[in-house]
Structures are given as C-alpha cells and as structure tokens.
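Asks: Each chain, written out:
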Amino acid sequence: MVYLTRKCEFSASHYYHNPEFSAEENQRIFGKCANLNGHGHNYTLEVTVKGDVDPKTGFVVDLKELKEILSREVLDALDHRHLNKEVPEFLRQIPTTENLAIAIWNRLQGKLHVAKLHRVRVYELPDLFVDFYGEA
Amino acid sequence: MKAHLTRRYLFSASHRLHCDGLSESENQSTYGKCNNPHGHGHNYALEVTVSGQVNPQTGMVCNLVELDDAVRNEVLERFDHVNLNARREFAATVPTTENLSEVIFNILKQCFAAAHLEKVRLEETMMNSFEYAGGAELRV
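Top to bottom, those sequences are chains Z and S. For what it's worth, my numbering labels the leading residue of the first sequence as 1, then goes sequentially. For what it's worth, my numbering labels the leading residue of the second sequence as 1001, then goes sequentially.
Note that these hints are calculated values from the structure, not bench results. If you're wondering where the values come from, they're calculated on a predicted model, not measured in any experiment. Hints are not guaranteed to be accurate.
[To be verified] Dumping the calculated DSS-like pairs for lysine-lysine here, alpha-carbon to alpha-carbon at most 25 Å: (1) Z:K50 x Z:K7; (2) Z:K32 x Z:K111; (3) Z:K7 x S:K1002; (4) Z:K32 x Z:K116; (5) Z:K7 x S:K1119; (6) S:K1002 x Z:K50; (7) S:K1109 x Z:K50; (8) Z:K116 x S:K1002; (9) S:K1109 x S:K1033; (10) Z:K32 x Z:K50; (11) Z:K111 x S:K1109.
[What the hints assert, rightly or not] FRET-style restraints, in silico, Cβ to Cβ: (12) Z:K7 x S:L1010: 28 to 34 Å; (13) Z:E135 x S:P1037: 19 to 25 Å; (14) Z:E65 x S:P1037: 57 to 63 Å.
All C-beta atoms, glycine included, are put in the ideal place defined by N, C-alpha and C.
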C-alpha cells in the first residue's frame, strides 16, 4: 500500500453566519469572520489517496487523471468563488474549514476508479488546517 | 462528521542537553554541541492537533479562540523566551525536544477539554520534528 498526495491551491471568499443565532451571538462566536461583507483566503488543498502499486505502470493512480478530477470536481466549483453564495453545500451550512474539508471529500468520493480516497487536508492559512478521513 | 484541526504556533527558547547521571565525556559524546556549557536556542514550531465531531450549529470542531487561549496561556507563556533547563518541568529530565513534546502534550491534555487532543508536533529546527500522541500510534 502506497499513499500519494497531490497539492493544489484555490482562492475564495466566505463569512460565518448562523441565522439561528442573534447578531450578538454570531459576533461573539465567529468574531471577525462574522462580517457579512465577507473576506477571503488562499486555500491549499492536499488530497491523499492510497492503493497498491500497479505492477505494469508503477502507479498508485494516474496523476493526470487525479489532477483532472480535482480540477473538475473541486477547483472549478470553488476557485475564485464566494463560498456562501455560489457553492451549493454552503447555502445552508457555514463554510468553515471543517465543513470545506468534508464537502471536498464528498465531491471526490466515488470519483476515483483505482485508488481509494484517504485524507483531505485543507489549509485556510499556513498555521491552520483541517484533516478529514471520511469518518462519521 | 469527525474532523481533525491543526493549529501552528511559534516560540523561542534555549536549552542545554546534559544528563547529571553521565560523566563529562559521556555527556560530550552523547549530546555533542548540544552539551556546550552555556546552552543554545531554537525557534520552535508547535503544531497542536485536536479532533471531534463538527458542531452543526457552528461548523467547528472547537472554538479556535479557546484553543489559542489555552496554548498561549499554558504553553507559550511558560516556554517562550525562557531557558528550558531552568523550568521546573525539566528539573529531573533533559529538555530534549522528545521530552518537551511529551510535556506539552500532557499540559494541554490537562487544560483543554473542548475537543480531543490527538497529538502535538514540535519542530526544533527545519530539519528535525517530533510527534507525540500520548502513546498512541500516529495516524498517516
């Protein structure tokens, strides 16, 4: 079993707001992130897949194919977008880094034919990242 | 849904690796330059990983402000810009980064309960890093 990680970047804007909370609660819980005009980040995404090395090709996964899947399923939908307003998952869910990692996992799950999705890591900042392993 | 959240912090400290139970020449051969009598310092990078269910109301594993406060108050205030050998945590052990990783993990385990503490990762230099998960195996 070999683990392979592919890295890519996207930039997006978002804000944190729960309509069930009062304005004061939103401000207290989410701080600066609650500003309804939003703000943005340069996100870094690392997707790790695992599998046995194909004896013929020497690959766990065809990187070109993985790159195409990432572009089609994730980057086209998220890059240079407003997450709250343009990405269906976040019309009713807060686009925290946790929820973003889960949404990206769900977008990729089932799209890989050979290798198995192992981990989605999303860096919101160089000093803050979330890992999701598909656990309930 | 269970997610893992990692936050990175910086602090600077000095130390000298020296074991009272070893002779001078044994200390020298074991620790090399790290045994120089007046010590030396590092810029440490600390990564703290916590895990838990993502709260459906907030979208968060835990409130980042609470995690930052715990790490700042209990770890950074204690170890930033100090000589580790002079700290009581190292009265009986050598302040290697292995031992420092364990000490920091145990401090955070005591003071932060808002999410499960998975592990700490400590970079002593850009070339060395150490991870401690309370004795558990590390997750890839």
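Asks: None of the hints should be skipped; say for each whether it holds.
Replies: Here is what the structure says about each hint:
Our distance criterion of 25 Å between C-alpha atoms is met by K50 (chain Z) and K7 (chain Z), whose separation comes to about 15 Å. Between K32 (chain Z) and K111 (chain Z) the alpha-carbon distance is near 36 Å, which puts this suggested pair outside the 25 Å criterion. The straight-line distance between the Cα atoms of K7 (chain Z) and K1002 (chain S) is roughly 22 Å, inside the 25 Å bound, and the hint therefore holds. With a CA separation close to 38 Å, the supplied pair K32 (chain Z) and K116 (chain Z) exceeds the 25 Å bound.
With a CA separation close to 23 Å, the supplied pair K7 (chain Z) and K1119 (chain S) stays within the 25 Å bound. Proposed proximity of K1002 (chain S) and K50 (chain Z) is supported: the alpha carbons are some 20 Å apart, at most 25 Å. Between K1109 (chain S) and K50 (chain Z) the alpha-carbon distance is near 32 Å, which puts this suggested pair outside the 25 Å criterion. Simply put, K116 (chain Z) and K1002 (chain S) have alpha-carbon atoms about 19 Å apart, close enough for the 25 Å limit, and the pair holds.
Using a Cα cut-off of 25 Å, the hinted pair K1109 (chain S) and K1033 (chain S) is violated, with the two alpha carbons roughly 33 Å apart. For a cut-off of 25 Å, the pair hint linking K32 (chain Z) to K50 (chain Z) is broken: about 38 Å separates their Cα positions. The suggested pairing of K111 (chain Z) with K1109 (chain S) is violated, with an alpha-carbon distance near 39 Å, which exceeds 25 Å. Taking the beta carbon of each, K7 (chain Z) and L1010 (chain S) are about 23 Å apart, not inside 28 to 34 Å as hinted.
As the Cβ distance of E135 (chain Z) to P1037 (chain S) is approximately 50 Å, the hint placing it in 19 to 25 Å is violated. Distance hint check: the CB atoms of E65 (chain Z) and P1037 (chain S) are about 59 Å apart, consistent with the given range 57 to 63 Å.
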